[in-house]
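Here is how the chains run, residue by residue.
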Amino acid sequence: MTTSTRPARRRPAAPRRPGDLAFAGLSLGSASLILLVLAGVAFFLAREGVPALTADPEEVTGGAGFGRYVLPLVIGTVISSVIAMVVATPVAVGIALFISHYAPRRVGTAVGFVVDLLAAVPSVVFGMWGLAVLAPQLGPLFGWLERNLGFLPFFGEASATGRTLLTASIVLAVMILPIITSVSREVFLQTPRLHEEAALALGATKWEMIRTAVLPFGTPGVVGGTMLGLGRALGETMAVAIILAPGALSWNLLGSGNKTIPSEIALNFPEAAGLRLSELIAAGLVLFLITLAVNLVARWIVARRAAFSGAGG
Amino acid sequence: MSKRIDVKDLDIYYGDFQAVRGVGMTIEPRSVTAFIGPSGCGKSTFLRTLNRMHEVIPGARVEGEVLIDGQNLYGRDVDPVDVRRQVGMVFQRPNPFPTMSIKENVLAGLRLNARRLSGRAADELAERALRGANLWNEVKDRLDKPGSGLSGGQQQRLCIARAIAIQPEVILMDEPCSALDPISTLAIEDLINELKSDYTVVIVTHNMQQAARVSDRTGFFNLKETGQPGELVEYDSTQTIFNNPRQKATEDYISGRFG
Chain A
0 MTTSTRPARR RPAAPRRPGD LAFAGLSLGS ASLILLVLAG VAFFLAREGV PALTADPEEV
60 TGGAGFGRYV LPLVIGTVIS SVIAMVVATP VAVGIALFIS HYAPRRVGTA VGFVVDLLAA
120 VPSVVFGMWG LAVLAPQLGP LFGWLERNLG FLPFFGEASA TGRTLLTASI VLAVMILPII
180 TSVSREVFLQ TPRLHEEAAL ALGATKWEMI RTAVLPFGTP GVVGGTMLGL GRALGETMAV
240 AIILAPGALS WNLLGSGNKT IPSEIALNFP EAAGLRLSEL IAAGLVLFLI TLAVNLVARW
300 IVARRAAFSG AGG
Chain B
0 MSKRIDVKDL DIYYGDFQAV RGVGMTIEPR SVTAFIGPSG CGKSTFLRTL NRMHEVIPGA
60 RVEGEVLIDG QNLYGRDVDP VDVRRQVGMV FQRPNPFPTM SIKENVLAGL RLNARRLSGR
120 AADELAERAL RGANLWNEVK DRLDKPGSGL SGGQQQRLCI ARAIAIQPEV ILMDEPCSAL
180 DPISTLAIED LINELKSDYT VVIVTHNMQQ AARVSDRTGF FNLKETGQPG ELVEYDSTQT
240 IFNNPRQKAT EDYISGRFG
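Chains A and B supply the protein sequences, listed in that same order.
Residue 52 in numbering that gives the first Met the number 0 sits at position 53 of the first sequence, with consecutive numbering throughout.
Residue 196 in numbering that gives the first Met the number 0 sits at position 197 of the second sequence, with consecutive numbering throughout.
Check each hint, because a few of them may be wrong.
[Claimed, not checked] Example chain A residues on the side facing chain B (calculated, C-beta under 8 Å, incomplete): (1) 26; (2) 29; (3) 45; (4) 47; (5) 196; (6) 197; (7) 199; (8) 200; (9) 203; (10) 204; (11) 212.
These are calculated hints, taken from the structure and not from any lab test.
Where a beta carbon is used, it is the ideal one built from N, C-alpha and C, also for glycine.
Hey, can you work out the whole structure from these sequences and the hints?
As structure tokens, this is what we get:
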């Protein structure tokens, strides 16, 4: 707004201070760097992977072209990650709500600390735990599932060792639990007190208050955390490589078999050369595209409800 | 649909700190009662004890009795959730649920009370509540839009609609106009005047003119000095409080000599 009646003059440029310039350059540089790295990775994957895509189908592993080679890997990767996500999300939301709204402050802080510690456990340790402790424990459960739910295609003959895709998925669920929990906890804690009180004043019980005020407010954050977890599960290498006894694609989650892209790459990369190397890199490209798509979908989900998120009000 | 409130010798504590001491008063049904007083004198705290909303704050507790038509809110087997369904509340800043549409906001309380509503019944209830809050004409074409898209004054009337949709006996208002412009304030004041034909309305306000305009009876709260508990200094018809108060402190406050 201007009260001047004279024609608008160009405002004199603000003096350029060296500190401002340096900081602006630094932040621009950092922002550009991340794009450059991302583009560089995509370029590397595409260039090195192309030979596998264009090679004679007979020469690719499996002898039926790259598509037939990578599809079972994609399915194994997606199935294990989705199971991990489905198992971990409700538990993570429950833990986050316990920390943010149910536990006395001191207990909540302690539980939050323990969950964060879980995130610091290296994935190779999770892998060993899954193989040495969890897999034998799950054996009887798998047997029970086979006997009682065997009519479902994904509960087939149970493996005696427990080194199955389902075991790997459960370990993945434990691994992604901390990230989903901590993101959810942060957004739940930020629920405006005003909205919580609005619900309580309408005669909401504690759970109803959480359902009316806390969960809707936190949903975008929970979705975001879940997608971060899914991204981690999709890319998780060591745990799956250790636990899973790899094999051909199978609907049976209780038996050995199935592979995931990261474990396939990790197990074969050291000895690969030539076309085999290209195949693995192209598989990496596919994984890269899947995670990109997951993130886009997550953003779309979050943005779709933006008008109702309270961010605009 | 409106009830009488009797408060007997009420003390309010936050942990070891006594915030309010020895309040006793009777609030008549179908009337507007205003609480005025300087900041920190405990009037908002006291208001919250009328529907047990103070219990949201850890360590807050009450000694004494609040009777609504003879029933003690603080009786041993009284559930605060039931109390709040009888005694609704409107807050300082408008707080419609941001994830809900205008209509969902109005119906939020009904849905909580676990009543199954058919589509038509829901529409009718929403319309009645919005008409009751003088908001129907402004929002009837955009009931499915988010409540956060309304102006501040409209949002506050939406919150009033949400409160009256569950048909409480009493409506508490904690400085409902303090975040609003004068025109929106006027709309709310008109609304308060209409609400008193059906409800018992209790309002806390920092604006003495507002208390004089809307209320039938006024209570003046004060504290002797900082760190001391707040007390109800004088409680009388609004006319008496503003024209010839009995207490010196009341006269000083309403004539603008302090606070």
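Hint check:
| no. | hint | in the structure |
| --- | --- | --- |
| 1 | 26 | violated, 31 Å |
| 2 | 29 | violated, 33 Å |
| 3 | 45 | violated, 41 Å |
| 4 | 47 | violated, 46 Å |
| 5 | 196 | holds, 6 Å |
| 6 | 197 | holds, 4 Å |
| 7 | 199 | holds, 6 Å |
| 8 | 200 | holds, 4 Å |
| 9 | 203 | holds, 5 Å |
| 10 | 204 | holds, 5 Å |
| 11 | 212 | holds, 7 Å |
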